[in-house]
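What follows is the residue order along each chain.
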Amino acid sequence: MADEYPTPVARYFSAPVNVGPLQARGGPALRGEAGQIEAGAWVVFEAIVENRVIGQLVFQAYGCPYVIAACCRVTELLRGCHAGEAAAVTAQRLAADLDIPVGKLASLLIIQDALRNCFRDWDTTPPAVAP
Amino acid sequence: MTLYLDYAASTPVDPQVAEAMDRVLRSDLLQANPAARHARGRAARACVEAARLDVARLIGAAGEEIIWTSGATESNNLAVIGAARFRAGRGRHLVTCVTEHPSVTAAFRHLATQGFAVTWLEPGIDGILPPEQVAAALRPDTTVVSVMHVNNETGVVQDVAAIGALCRSRGVLFHVDAVQAAGRERIDAREQGIDLLSLSAHKMYGPKGVGALYVSMDTARRVEPLLFGGGQERGMRPGTVATHQVVGMGVAARLAGEHLTADSAGIRLLRDELWTRLGDLPGVLLNGHPTRRACHILNVSVIGVEGESLLYGLRDLAVSAGSACASGDGEPSAVLRCLGRSDELARSSVRFSLGRGNTLADVDCAADRFSAAVAHLRRLSPATPG
Chain A
10 MADEYPTPVA RYFSAPVNVG PLQARGGPAL RGEAGQIEAG AWVVFEAIVE
60 NRVIGQLVFQ AYGCPYVIAA CCRVTELLRG CHAGEAAAVT AQRLAADLDI
110 PVGKLASLLI IQDALRNCFR DWDTTPPAVA P
Chain B
190 MTLYLDYAAS TPVDPQVAEA MDRVLRSDLL QANPAARHAR GRAARACVEA
240 ARLDVARLIG AAGEEIIWTS GATESNNLAV IGAARFRAGR GRHLVTCVTE
290 HPSVTAAFRH LATQGFAVTW LEPGIDGILP PEQVAAALRP DTTVVSVMHV
340 NNETGVVQDV AAIGALCRSR GVLFHVDAVQ AAGRERIDAR EQGIDLLSLS
390 AHKMYGPKGV GALYVSMDTA RRVEPLLFGG GQERGMRPGT VATHQVVGMG
440 VAARLAGEHL TADSAGIRLL RDELWTRLGD LPGVLLNGHP TRRACHILNV
490 SVIGVEGESL LYGLRDLAVS AGSACASGDG EPSAVLRCLG RSDELARSSV
540 RFSLGRGNTL ADVDCAADRF SAAVAHLRRL SPATPG
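In order, the protein sequences belong to chains A and B.
Heads up: the first sequence begins at 10 in the numbering used here, then just goes up one per residue.
Heads up: the second sequence begins at 190 in the numbering used here, then just goes up one per residue.
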């Protein structure tokens, strides 16, 4: 284990943001996951898209501090964005953003896949209804 | 401040040890080479021999049966490789256990490339290696058996006396890595049928960089050296003996003997209290036999929690993990895998090892931090019901 992680990683690990599951869905939510415990990382995203805009995006993750931090970062990056922009978040971008070592790329690809799976049908899912 | 719970990795130097070493280092009289024949050499040699007796007493041996080394790795290498080579004329079959320390397993793997046959025994899921399993592995050409007394990861204690008696009855040399046992378990090499026994100073409140190998005068008599040079240490370990280092080890051994009963009872209480606290948490599993364990080690795995994150969550505790995976290529503990743990559980293992410096308040603190770290990670995990 690294004694020290990059500052943003340490900060997200200690105080993670946008942790799921969604409490008040108010209607159909998008959900996507990837990975498994045996792979060292398992990530689930849940989102609510209203008028093509990501209103809520939360995650749950089993993984190392880099995985937890990258999931936090994803949710912060995409909240309030057009749902189509989710596809633009890549493992490489997360690695660069958070100074994550190359050896962790496989875990970041799991995050990327979970995100893709979450937003795969964003434009065909019925809109959320306010609770 | 980081709370130190890693005494199985290394112990702090006892102040009496440091004082003794300091006296040697500052004494004009003791600066000579202890192998020298002049008066100053004899003075240094007297310190070395007194220390040798202290180490010998700790394990029920005679002074001349103690060979100074640089530490546990050298002691284990010298015992295994040196004994196998010395007895190669009688046979080339060796027996050991897969859960031995890497300085033992690597030595056996090296011998396997040199024309020796090695039988690798696997303990049960509790970590215990039954003596009958050792008996079944012995062959007419078996020359050396090596089984550690206390496992460095799990603390599981092997029945070395039974294995020793078995080996003695079959004329096979028995080596014991007693690095974790010294000062925690009673050791009597002669009574327990041990022919070769490895010790390290820094696991018993002595300095790093010095260890010892017991070579029974009655049975093993000698091993082939791994180093070549002068005739020091009965020709088995050439090189100038570091007077201050061995004096430090001697004092550490004497204190280990004096404190054995009180240390093991007090530390066991702390260890048991820690397990009571951790074992109450859901999904926390004890690794290794529940009762046949040394006083100082507690090894647990946590279901549904990733190991690297757990260790980072415990960064205010100086503990050891089941893997080191900063670069993403960390392998799970081979010892825990052998005990039937999955890769994930082996990776999520934490070894707490306690020592003389710890208190009940430390145990409370460690349990609180562990509990908080596990709860934090479980809140994030998709494996936890929402």
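Mixed in with the good hints, there may be bad ones.
To be verified - Label-pair ranges, simulated between beta-carbon atoms:
id: 1; chain 1: B; residue 1: Ala564; chain 2: A; residue 2: His91; range: 52 to 62 Å
id: 2; chain 1: A; residue 1: Glu13; chain 2: B; residue 2: Asp553; range: 46 to 56 Å
id: 3; chain 1: B; residue 1: Asp505; chain 2: A; residue 2: Ala105; range: 52 to 62 Å
id: 4; chain 1: A; residue 1: His91; chain 2: B; residue 2: Val287; range: 36 to 46 Å
Unchecked claim - So, partial list: chain A residues that the calculated Cβ filter (under 8 Å) puts toward chain B:
id: 5; residue: Phe22
id: 6; residue: Val26
id: 7; residue: Gly41
id: 8; residue: Glu47
id: 9; residue: Val67
id: 10; residue: Gln69
id: 11; residue: Pro74
id: 12; residue: Ile77
id: 13; residue: Glu85
id: 14; residue: Leu86
id: 15; residue: Cys90
id: 16; residue: Gly93
id: 17; residue: Trp131
Stated by the list, open to error - Negatives, chain B to chain A, calculated, CB over 10 Å:
id: 18; residue: Gly313
id: 19; residue: Gly493
id: 20; residue: Glu495
id: 21; residue: Arg536
id: 22; residue: Leu569
id: 23; residue: Pro571
Just so you know, these hints were derived from the structure itself, not from any lab.
Keep in mind the model is a prediction, meaning the values are calculated, not measured.
For every residue, glycine included, the Cβ atom is placed at its ideal position computed from N, Cα and C.
Each hint tested on the structure:
Between Ala564(B) and His91(A) the Cβ separation comes to about 36 Å, which falls outside the hinted range of 52 to 62 Å. Range check, Glu13(A) to Asp553(B): Cβ separation about 27 Å, and the 46 to 56 Å hint is violated. The beta-carbon spacing between Asp505(B) and Ala105(A), approximately 30 Å, falls outside the hinted interval of 52 to 62 Å. A hinted range of 36 to 46 Å for the beta carbons of His91(A) and Val287(B) is inconsistent with their spacing of about 56 Å.
A hinted interface residue such as Phe22(A) counts as satisfied when its beta carbon comes closer than 8 Å to some beta carbon of chain B; here the least separation is about 7 Å, so the hint holds. A cut of 8 Å between beta carbons decides the hint on Val26(A): the least distance to chain B is about 11 Å, and the hint is violated. Because the smallest distance between the Cβ of Gly41(A) and any Cβ of chain B comes to about 12 Å, over 8 Å, the interface hint for this residue is violated. Nearest Cβ of chain B to the Cβ of Glu47(A): about 6 Å, under the 8 Å cut. The hint holds.
Given hint, Val67(A) at the interface with chain B, is violated; its Cβ is 10 Å from that chain's nearest Cβ, farther than 8 Å. Given hint, Gln69(A) at the interface with chain B, holds; its Cβ is 4 Å from that chain's nearest Cβ, closer than 8 Å. With its C-beta approaching chain B no nearer than about 5 Å, Pro74(A) sits inside the 8 Å limit, and its interface hint holds. Annotation: Ile77(A) was flagged as interfacial toward chain B, and the flag holds, the nearest CB pair being 6 Å apart, inside 8 Å.
The interface hint given for Glu85(A) is broken, as the beta carbon of that residue sits about 16 Å from the closest beta carbon of chain B, more than 8 Å. Hint status for Leu86(A) relative to chain B: violated, with the closest Cβ pair at about 18 Å, above 8 Å. Contact between Cys90(A) and chain B, as hinted, is not supported at the beta carbon level, the nearest pair being about 23 Å apart and thus beyond 8 Å. Below 8 Å, beta-carbon pairs count as interface contacts, and Gly93(A) has none with chain B, the closest being about 25 Å; its hint is therefore violated.
The closest approach between the C-beta of Trp131(A) and any C-beta of chain B is roughly 20 Å, which is over the 8 Å cut-off, so the hint fails. Here Gly313(B) stays apart from chain A, with its beta-carbon at least about 25 Å from theirs, past the 10 Å limit. Not every CB of chain A is more than 10 Å from the CB of Gly493(B) (nearest about 7 Å), against its label as outside the interface. The Cβ of Glu495(B) sits about 5 Å from the closest Cβ of chain A, inside the 10 Å cut-off, so the non-interface label is violated.
Listed as a non-interface residue, Arg536(B) fails to keep its Cβ farther than 10 Å from every Cβ of chain A; the least gap is roughly 8 Å. Some Cβ of chain A comes within 10 Å of the Cβ of Leu569(B); the nearest lies about 6 Å off, and the non-interface call is violated. At roughly 4 Å from the closest C-beta of chain A, the C-beta of Pro571(B) falls inside 10 Å, breaking its exclusion from the interface.
In this structure, the earlier hints numbered 1, 2, 3, 4, 6, 7, 9, 13, 14, 15, 16, 17, 19, 20, 21, 22, 23 are contradicted, and the remaining ones agree with it.
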